[in-house]
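J.: The chain contents come next:
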Amino acid sequence: MQIEFELVTYDEELDKFELDETMYQIELNEDDAETYHLLKDSDLHLYNWLKESDFFTKYIKEEVYPDSKNKKIAISDINGISFRRFYFFKVTSGDSHYEYFKKLYNIHEESDWQDREDVGEEILHHLSTKRQELILNLG
Amino acid sequence: MDNKYIDKMFSEMDKDLAKRGMSRRDAMKLAGISGAGMFMGGVTSASADDANTTVKSNAKGKIVIVGGGLAGMSTAARLTLNLSNPDITVIEPQELSVSYQPGQTLVGGGIWDEDDIAYKRDDFVPDGVKVVKEKAILFNPQENKLTTDKGTVISYDYLILATGLHLDFERIKGLEEAGRAMSAGDNEKLLKALGDDGICSIYTAKGSTKTWEQMQKFIAKAKSASPDKKIQFVFTHPSTPVKCGGAPKKIMYLTNARLKEADARENAELTFYPNGGAMFGVPEYHDAILGQFKRENFKWHYRHNLIEVDKEKKIAVFDAKWQEKGPWDPVLKDYEVIPKHEKVRVPYDFLHITPPQLAPREIAESDLGSAKGWVPVNKETLQHIRYENVFSLGDVAQVPMGKTGGSVRKQYKVLVDNLIALMNGKKLEAKYAGYTVCPLITDIGTVMLAEFDWTVKPTPLLPLDPTVERWMWWLMKVHALKPMTMYGMLSGRA
Chain A
1 MQIEFELVTY
11 DEELDKFELD
21 ETMYQIELNE
31 DDAETYHLLK
41 DSDLHLYNWL
51 KESDFFTKYI
61 KEEVYPDSKN
71 KKIAISDING
81 ISFRRFYFFK
91 VTSGDSHYEY
101 FKKLYNIHEE
111 SDWQDREDVG
121 EEILHHLSTK
131 RQELILNLG
Chain B
140 MDNKYIDKMF
150 SEMDKDLAKR
160 GMSRRDAMKL
170 AGISGAGMFM
180 GGVTSASADD
190 ANTTVKSNAK
200 GKIVIVGGGL
210 AGMSTAARLT
220 LNLSNPDITV
230 IEPQELSVSY
240 QPGQTLVGGG
250 IWDEDDIAYK
260 RDDFVPDGVK
270 VVKEKAILFN
280 PQENKLTTDK
290 GTVISYDYLI
300 LATGLHLDFE
310 RIKGLEEAGR
320 AMSAGDNEKL
330 LKALGDDGIC
340 SIYTAKGSTK
350 TWEQMQKFIA
360 KAKSASPDKK
370 IQFVFTHPST
380 PVKCGGAPKK
390 IMYLTNARLK
400 EADARENAEL
410 TFYPNGGAMF
420 GVPEYHDAIL
430 GQFKRENFKW
440 HYRHNLIEVD
450 KEKKIAVFDA
460 KWQEKGPWDP
470 VLKDYEVIPK
480 HEKVRVPYDF
490 LHITPPQLAP
500 REIAESDLGS
510 AKGWVPVNKE
520 TLQHIRYENV
530 FSLGDVAQVP
540 MGKTGGSVRK
550 QYKVLVDNLI
560 ALMNGKKLEA
570 KYAGYTVCPL
580 ITDIGTVMLA
590 EFDWTVKPTP
600 LLPLDPTVER
610 WMWWLMKVHA
620 LKPMTMYGML
630 SGRA
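Chain order of the listed sequences is A and B.
Going letter by letter, the first sequence gives residues 1 to 139 in my numbering.
Going letter by letter, the second sequence gives residues 140 to 633 in my numbering.
Only chain A is shown next, with the shape it has when bound in the complex (with noise of 0.2 angstroms):
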């Protein structure tokens, strides 16, 4: 089988992501595909184990940025599961994105007084680190 999947480069100085806008086809072994099928429900442990295959990663070396010195990439969609707001987040996106992190972080928002912008800002700080975990260096 095939998996579609878009990318995000990352500019370390401005620690800014950008969107690649191409889409990328991969084809799976039957032991990947197996794999897909098992991990396609979780987002973020099908994200890791893609990023984490040697496949995904010689793909990516040899087909999509074969001047890959230095570069440093994320998946921002997977079969159409989006992986954007990890990178493009900000305090006022909305509310589902909210909520998503809300739920993936435990945060436990105190609605009889706490605004809108702290929490906002709270899943920015939990993203600073997640965002790094996300990063795939193509060395």
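Simulated from the structure, these hints should not be mistaken for laboratory data.
No residue lacks a Cβ here, since even glycine has one placed at the ideal position from N, Cα and C.
One thing to keep in mind: the hints can contain errors.
Stated by the list, open to error - The calculated label-pair distances, taken between Cβ atoms and stated as ranges, are:
1. A:E133 <-> B:E527: 22 to 30 angstroms
2. A:S82 <-> B:V292: 54 to 62 angstroms
3. B:P599 <-> A:I107: 20 to 28 angstroms
4. A:D15 <-> B:K472: 19 to 27 angstroms
5. A:S82 <-> B:K201: 31 to 39 angstroms
6. B:K312 <-> A:E117: 15 to 23 angstroms
7. B:D426 <-> A:I107: 19 to 27 angstroms
8. A:K90 <-> B:S509: 20 to 28 angstroms
9. A:K40 <-> B:G465: 30 to 38 angstroms
10. A:E117 <-> B:K472: 17 to 25 angstroms
11. A:D15 <-> B:S509: 18 to 26 angstroms
12. A:D15 <-> B:P599: 44 to 52 angstroms
13. A:E121 <-> B:G318: 21 to 29 angstroms
Unchecked claim - Interface residues of chain B toward chain A, partial, derived using beta-carbon atoms under 7 angstroms:
14. E475
15. V476
16. I477
17. E481
18. P539
Unchecked claim - Lysine-lysine pairs mimicking DSBU-like chemistry, simulated, CA-CA at most 30 angstroms apart:
19. A:K102 <-> B:K472
20. A:K51 <-> B:K472
21. A:K130 <-> B:K566
22. B:K479 <-> A:K90
23. A:K130 <-> B:K399
24. B:K356 <-> B:K201
25. B:K345 <-> B:K399
26. B:K464 <-> A:K130
27. B:K356 <-> A:K102
28. A:K61 <-> A:K103
29. B:K472 <-> A:K103
30. B:K549 <-> A:K103
31. A:K40 <-> B:K472
32. B:K570 <-> A:K103
33. A:K103 <-> B:K345
34. B:K479 <-> B:K433
35. B:K472 <-> B:K450
36. A:K103 <-> B:K464
37. B:K201 <-> B:K552
38. B:K596 <-> A:K130
39. A:K61 <-> A:K130
40. A:K58 <-> A:K16
Fit chain B to the known structure of chain A by using the hints.
T.: Coordinates of chain B only, in the frame set by chain A:
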């Protein structure tokens, strides 16, 4: 511990119950409090059993507790029960540090007197615990040392931070001279700044007495007012975490009860201005409170944060916030949400202020504080996230929904278990699950017992609808919780 307090409590309880033709035993049965023996005078025997069966640890180390309020002193007491050779020092300058803060609402509503909640630190010091009556002002966690305001340098092997929090009245324009306050103490500067013309706050012990004075004064005015020109009672809730999040509403309900009692309710308007966008963080309790507000004909305006008081013109100025739908975000494929705000001026006759609250400066500015000032701990183990020999609990700890006596009652046992585990080189296995409780007084004689935890769902200990206001919870709030706190928790057992 001095039995004079418990004798007084039982005598008052018996008098109150006698008026309703009930005995103490009947009342406790009705309240469903299975451990009622503790409140029925059985403290001594129950405690003795507990003490005899506790297996004490031989772990050694100098433990310093900064803060001798309910959290600090209960922790000290429990450590003495669990260590065979405890070496514990409590640093606390305030003579009335263990005063019963949950009772301040009842003082503000004229149910209790200030004397009913005043408890002396020195009457509650566990045997063998040293008390340094100074204030810790400098922390050096790298060298396991701290310095007090008198220049005393104290070293420790293990540090517990239970300093409580500061009431940041000075942040409100017009009240700058109030400075920062703590619940206990004479708070002279604060009372002077609030003045004598309708501004009050139950967040200090002295302030709660003053609240009752002001409340009576403006109820009297309401009696002679008319429905066309109502007396305006305004209640606030700030944009910071607060201790006892129910208190801003409790004092509103009690004001309402006193107005009804004086037959002056129709000449008064009661309006609540919370910073948040809901009455309560738990949807079930939010819905119940909203129903109560409608029933009592209260008014409310969400997302209003008090930022200024014009005492002369009697105007409260709020920063009112709302959100508008923003532009389409093509990357995240969603609309943005844009925050907006404006100043709103609200005339008041009676203004109850719940002040902004923050960690004490000496903590916030030390290496032990987080960016927001509170002590950053693992919210389950209560261990500091950077210094493994430091723990924190109570109001100063950065724990969600943790600033109530009900939370401390769970936290201090977890902290003691984990500290002793650390002293023994073992894994920290005790976990705080976020339980807290808010006995929300909705009238004189009724309380809704809002229990919940980090699941943000009601977690009632008894199989009763937790959104129903009940007299038995009032009974518990007024008669049972204080002895449980003062004798159960402060002896390290309940």
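J.: Now tell me, hint by hint, if it's right for this structure.
T.: Hints and how they fare:
{"no.": "1", "hint": "A:E133 <-> B:E527: 22 to 30 angstroms", "in the structure": "24 angstroms, holds"}
{"no.": "2", "hint": "A:S82 <-> B:V292: 54 to 62 angstroms", "in the structure": "56 angstroms, holds"}
{"no.": "3", "hint": "B:P599 <-> A:I107: 20 to 28 angstroms", "in the structure": "25 angstroms, holds"}
{"no.": "4", "hint": "A:D15 <-> B:K472: 19 to 27 angstroms", "in the structure": "23 angstroms, holds"}
{"no.": "5", "hint": "A:S82 <-> B:K201: 31 to 39 angstroms", "in the structure": "53 angstroms, violated"}
{"no.": "6", "hint": "B:K312 <-> A:E117: 15 to 23 angstroms", "in the structure": "21 angstroms, holds"}
{"no.": "7", "hint": "B:D426 <-> A:I107: 19 to 27 angstroms", "in the structure": "23 angstroms, holds"}
{"no.": "8", "hint": "A:K90 <-> B:S509: 20 to 28 angstroms", "in the structure": "22 angstroms, holds"}
{"no.": "9", "hint": "A:K40 <-> B:G465: 30 to 38 angstroms", "in the structure": "32 angstroms, holds"}
{"no.": "10", "hint": "A:E117 <-> B:K472: 17 to 25 angstroms", "in the structure": "22 angstroms, holds"}
{"no.": "11", "hint": "A:D15 <-> B:S509: 18 to 26 angstroms", "in the structure": "22 angstroms, holds"}
{"no.": "12", "hint": "A:D15 <-> B:P599: 44 to 52 angstroms", "in the structure": "47 angstroms, holds"}
{"no.": "13", "hint": "A:E121 <-> B:G318: 21 to 29 angstroms", "in the structure": "28 angstroms, holds"}
{"no.": "14", "hint": "E475", "in the structure": "4 angstroms, holds"}
{"no.": "15", "hint": "V476", "in the structure": "6 angstroms, holds"}
{"no.": "16", "hint": "I477", "in the structure": "6 angstroms, holds"}
{"no.": "17", "hint": "E481", "in the structure": "15 angstroms, violated"}
{"no.": "18", "hint": "P539", "in the structure": "4 angstroms, holds"}
{"no.": "19", "hint": "A:K102 <-> B:K472", "in the structure": "19 angstroms, holds"}
{"no.": "20", "hint": "A:K51 <-> B:K472", "in the structure": "24 angstroms, holds"}
{"no.": "21", "hint": "A:K130 <-> B:K566", "in the structure": "27 angstroms, holds"}
{"no.": "22", "hint": "B:K479 <-> A:K90", "in the structure": "16 angstroms, holds"}
{"no.": "23", "hint": "A:K130 <-> B:K399", "in the structure": "56 angstroms, violated"}
{"no.": "24", "hint": "B:K356 <-> B:K201", "in the structure": "52 angstroms, violated"}
{"no.": "25", "hint": "B:K345 <-> B:K399", "in the structure": "25 angstroms, holds"}
{"no.": "26", "hint": "B:K464 <-> A:K130", "in the structure": "28 angstroms, holds"}
{"no.": "27", "hint": "B:K356 <-> A:K102", "in the structure": "46 angstroms, violated"}
{"no.": "28", "hint": "A:K61 <-> A:K103", "in the structure": "34 angstroms, violated"}
{"no.": "29", "hint": "B:K472 <-> A:K103", "in the structure": "20 angstroms, holds"}
{"no.": "30", "hint": "B:K549 <-> A:K103", "in the structure": "24 angstroms, holds"}
{"no.": "31", "hint": "A:K40 <-> B:K472", "in the structure": "21 angstroms, holds"}
{"no.": "32", "hint": "B:K570 <-> A:K103", "in the structure": "20 angstroms, holds"}
{"no.": "33", "hint": "A:K103 <-> B:K345", "in the structure": "42 angstroms, violated"}
{"no.": "34", "hint": "B:K479 <-> B:K433", "in the structure": "28 angstroms, holds"}
{"no.": "35", "hint": "B:K472 <-> B:K450", "in the structure": "49 angstroms, violated"}
{"no.": "36", "hint": "A:K103 <-> B:K464", "in the structure": "23 angstroms, holds"}
{"no.": "37", "hint": "B:K201 <-> B:K552", "in the structure": "19 angstroms, holds"}
{"no.": "38", "hint": "B:K596 <-> A:K130", "in the structure": "29 angstroms, holds"}
{"no.": "39", "hint": "A:K61 <-> A:K130", "in the structure": "23 angstroms, holds"}
{"no.": "40", "hint": "A:K58 <-> A:K16", "in the structure": "24 angstroms, holds"}
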